[in-house]
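Make a model of the complete structure from these sequences and hints.
Those protein sequences? They're chains E and A, same order as listed. Position one of the first sequence corresponds to residue 234 (my numbering), numbered consecutively onward. Position one of the second sequence corresponds to residue 5 (my numbering), numbered consecutively onward.
Keep in mind the hints are simulated off the structure, nothing from the lab. Incorrect hints may have been included.
Said to hold, decoys possible - Below 30 Å or equal to it, Euclidean Cα-Cα: the simulated DSS-like pairs (lysine-lysine) are:
no., chain 1, residue 1, chain 2, residue 2
1, E, 277, A, 53
2, E, 291, A, 155
3, E, 291, E, 277
Claimed, not checked - Just a sample of chain E residues kept apart from chain A, beta carbon distances all over 10 Å, derived:
no., residue
4, 311
5, 443
6, 449
For glycine and all other residues, C-beta sits at the position ideal for the given N, C-alpha and C.
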Amino acid sequence: MPEESNRALAIHLEGVTVSYGGVEILRSVSLDVLEGQLVAIVGKSGSGKTTLLKAINKLLHCSGTVDVEGRARMVFQEDRLLPWFKVRSNIAIAMSGQRGATNGQTSVGRERAAELLSEFGMSNLADRYPHQLSGGERQRVAIARAFAARPDVVLMDEPFGALDVLTRESMQEWLLAFWRHHRAAIVFVTHDVEEGLVLADRLAVLRDGELLTPTVVPFDRPRDPALRFSGAFLTARQEVRSMLAGGRDSA
Amino acid sequence: MKRSALSWLVPVLSLLVLVGAWYTAGQLGVLSDRSDIPPLAAVCSAARKWFQNGRFYEDLFASLQRVIPGILLGAIGGAVVGVVTGRARLVYLFVGPVLHIWRALPAVATVPFLLIVFGVSEASKITIVALGVFFPVWIAAHEGAGHVDPKYLEVARDLEFTPIQTYRRIILPATTPFIVAGMRTGIAIAYIMVFIGEWIGASRGLGYQLSVAHVVSSTEHMVVGLAALGSLAFLTDAIYRTAIRALLPWMDERNA
Ligand SMILES: Nc1ncnc2c1ncn2[C@@H]1O[C@H](COP(=O)(O)OP(=O)(O)OP(=O)(O)O)[C@@H](O)[C@H]1O
Ligand SMILES: [Mg+2]
Chain E
234 MPEESNRALA IHLEGVTVSY GGVEILRSVS LDVLEGQLVA IVGKSGSGKT
284 TLLKAINKLL HCSGTVDVEG RARMVFQEDR LLPWFKVRSN IAIAMSGQRG
334 ATNGQTSVGR ERAAELLSEF GMSNLADRYP HQLSGGERQR VAIARAFAAR
384 PDVVLMDEPF GALDVLTRES MQEWLLAFWR HHRAAIVFVT HDVEEGLVLA
434 DRLAVLRDGE LLTPTVVPFD RPRDPALRFS GAFLTARQEV RSMLAGGRDS
484 A
Chain A
5 MKRSALSWLV PVLSLLVLVG AWYTAGQLGV LSDRSDIPPL AAVCSAARKW
55 FQNGRFYEDL FASLQRVIPG ILLGAIGGAV VGVVTGRARL VYLFVGPVLH
105 IWRALPAVAT VPFLLIVFGV SEASKITIVA LGVFFPVWIA AHEGAGHVDP
155 KYLEVARDLE FTPIQTYRRI ILPATTPFIV AGMRTGIAIA YIMVFIGEWI
205 GASRGLGYQL SVAHVVSSTE HMVVGLAALG SLAFLTDAIY RTAIRALLPW
255 MDERNA
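Here you go:
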């Protein structure tokens, strides 16, 4: 993309290493993400995807450089809505951390929650508790919460991992449509190669704690759902798969 | 028949059978011949007398005036101290030993001592109830606050909550189910404590009436007193559970 050169960096990682009890879970990871860019990290279970996002969000200790421009928010692997708050408050509380407001019932938070819920077509769920929602609905509320405070960076940890294939695909389209109006740099972690290719500007493979050099995803936006069946897509998918498998497939 | 109808009809029937058997045994003279169990008719007339001169309500209110403030004080104290000791390790190390030693004592064994130390006043009886409630609530709140799921504390950091916001939005709500369970135990203990307190040092109250009935060996008055005390404790528990379900609807199925 030609305009990339004059965009600023949203995330800059250099030599990020995380170890637990002497075992290195992430080994010298480096990554640059531009503002408003969507980067997918694809890796097998246990490769260190969640660990990487937590390192970026400063939820755990690591060595190396972690620079994040502006406010970062995370969508956790499980939704992590607070079970004691209704949907409305679960979104509203995300607004007040920043401005020293005292509780989630501030008018700013409530207005923002109402705005996001109506945009998501979920206004009717505002007064429900999280346990009264389906898995997909919970995930959308978690995404609304992450975007509530207009963050510059959103870290998404397999947000659709627990959903069935059809729901997952419609959530992907929905996320892309939503992201068009709510630009933020997104690091989207997934174990699903297709998902990474459908969503991302750039895609990087995480293998046993090592992040391979990201590759540009060469498909124009907006992307047609039929893209998945094109030859170019299938070729790209095969390439990523062989990188995941440690290059053994291509040998 | 529907399940819901069955679920209250059968318990009611079981109580009716018990009362019916008791009444019949009394009519046949079985009870007075072979035991000290008073016949139902005698108990009813004792109850009627207690109600007629208005004395029952005075005793009921006397007991409630000790139980209710005692429960509230004990529960608030236990919850506050429990959250503090659950979160602040140093405070826990300092006050923990005393609290644990006191907690290990059977609550009723401390009552005569407390009545002498605090004197035979209303305040001392409220204190006795409050102490009985304090310990189960304290230990529950302490455990709850000390074991708040770290995944919610991570959310607090992600959303950049201030320490006060973290307490109000994460730690206190996460501890609430523990406090609620501790308070239910506390309420049962509150009735034990008020009974002992009134037995030893009071001139009104359900426990006092039972002590009088004991002195004059009137079993029918004892049965009335026990029925009143039992019903009151049962009702309090039922009201408590209903109130909790209405006030904290997320608690039932939070893990569903
Ligand atoms: N707190 C911890 N202590 C020790 N080891 C840990 C800890 N958290 C994660 N690990 C280890 O680090 C490795 C990477 O874990 P991580 O959760 O980042 O994987 P992941 O790629 O997110 O996997 P998944 O796709 O299953 O979510 C795993 O081998 C895991 O066992
Ligand atoms: Mg993970």
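Verification of the supplied hints:
1. Pair hint residue 277 (chain E) plus residue 53 (chain A) does not hold up; C-alpha atoms about 80 Å apart against a cutoff of 30 Å.
2. For the hint pairing residue 291 (chain E) with residue 155 (chain A), the CA-to-CA distance comes to about 14 Å; that is within 30 Å, so the pair holds.
3. The straight-line distance between the Cα atoms of residue 291 (chain E) and residue 277 (chain E) is roughly 23 Å, inside the 30 Å bound, and the hint therefore holds.
4. Separation of residue 311 (chain E) from chain A is inadequate, the least Cβ-Cβ distance of about 8 Å not exceeding the 10 Å criterion.
5. Residue-level check passed: residue 443 (chain E) sits 25 Å from the nearest beta carbon of chain A, beyond 10 Å.
6. Remark: the non-interface label on residue 449 (chain E) is consistent with the geometry, its nearest Cβ contact in chain A lying 30 Å away (cut-off 10 Å).
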